[in-house]
Amino acid sequence: GEDVEQSLFLSVREGDSSVINCTYTDSSSTYLYWYKQEPGAGLQLLTYIFSNMDMKQDQRLTVLLNKKDKHLSLRIADTQTGDSAIYFCAEGSGGYQKVTFGIGTKLQVIP
Amino acid sequence: DTAVSQTPKYLVTQMGNDKSIKCEQNLGHDTMYWYKQDSKKFLKIMFSYNNKELIINETVPNRFSPKSPDKAHLNLHINSLELGDSAVYFCASSQSTNTEAFFGQGTRLTVV
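Read top to bottom, the protein sequences are chains A and B. So for the first sequence, my numbering puts the first residue at 857; every next one is plus one. So for the second sequence, my numbering puts the first residue at 4; every next one is plus one.
Hints were generated in silico from the structure; no laboratory data involved. The beta-carbon is built from N, C-alpha and C at its ideal position, and this holds for glycine as well. Keep in mind that a hint or two might mislead.
To be verified - Derived coverage of chain B by chain A (criterion: at least 3 residues anywhere in the stretch with Cβ under 8 Å from a Cβ of chain A; other residues may be distant):
#1 35-48
#2 102-115
As the list claims (entries may be wrong) - The list that follows gives simulated cross-link-like pairs (lysine-lysine, DSS-like), each with its CA atoms no further than 27 Å apart:
#3 A:K962 to B:K74
#4 B:K44 to A:K892
#5 B:K43 to B:K74
#6 A:K892 to B:K47
#7 A:K962 to B:K12
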């Protein structure tokens, strides 16, 4: 079945860039998502990329997709303490209910 | 103003009890979901409804029964609660089955 893997933890200093990596197995994935979960809150969609794109930039966020290696990354420029949260990578193919989530990467931003 | 709201936010109950979690969305979306997030933060879909019709029913014990009285509501009823049911349950909705989902704040269920 589909599988999405992420590292569990990342610690960066405020002002540095953060890079969260994700690998997935489903070669038929159409959409790849990044969700953010703050403590006690629901999941917030940060950004998503279509599988026919290599890169997408949205303000401080840059998503890179290497479809050949099935590798997705999220770069957060000028990381702030408010970026501390759990970031979920997810992949979907043709319908949201088929989305598979990774286990989440906890980002800790040190002031 | 809340887009997807779940109640209650916290639920502590004894094994064997029956409980319900309610979910409402005011976004006018056609599709609603229930996800379970276990203690390891692993998030997995349980059910998906589109226009009040069940679309997805993953491998979930039949003690879990979703009910969608209308498009704006998807409630989750759980019978004979077990310790392993302890988790955070997230409700979500999306415009269609092919668009991004908006999540509620989650309901932390603790079975003792």
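Hints versus structure:
1. With a cut-off of 8 Å between beta carbons, the region 35-48 of chain B has 7 residues touching chain A; three or more are needed, and the interface restraint holds.
2. Evaluation of the coverage hint for the region 102-115 of chain B: fulfilled, as 8 residues show C-beta separations to chain A shorter than 8 Å, against a requirement of three.
3. Only pairs whose Cα atoms come within 27 Å are accepted, and K962 of chain A paired with K74 of chain B is rejected, the gap being roughly 34 Å.
4. For a cut-off of 27 Å, the pair hint linking K44 of chain B to K892 of chain A stands: about 12 Å separates their Cα positions.
5. Annotation: proposed proximity of K43 of chain B to K74 of chain B is violated, straight-line Cα distance about 31 Å (limit 27 Å).
6. For the suggested pair K892 of chain A and K47 of chain B, the alpha carbons sit about 16 Å apart, so the restraint of at most 27 Å is met.
7. Under the criterion of a C-alpha separation no larger than 27 Å, the hint pairing K962 of chain A with K12 of chain B is consistent with the structure, at around 22 Å.
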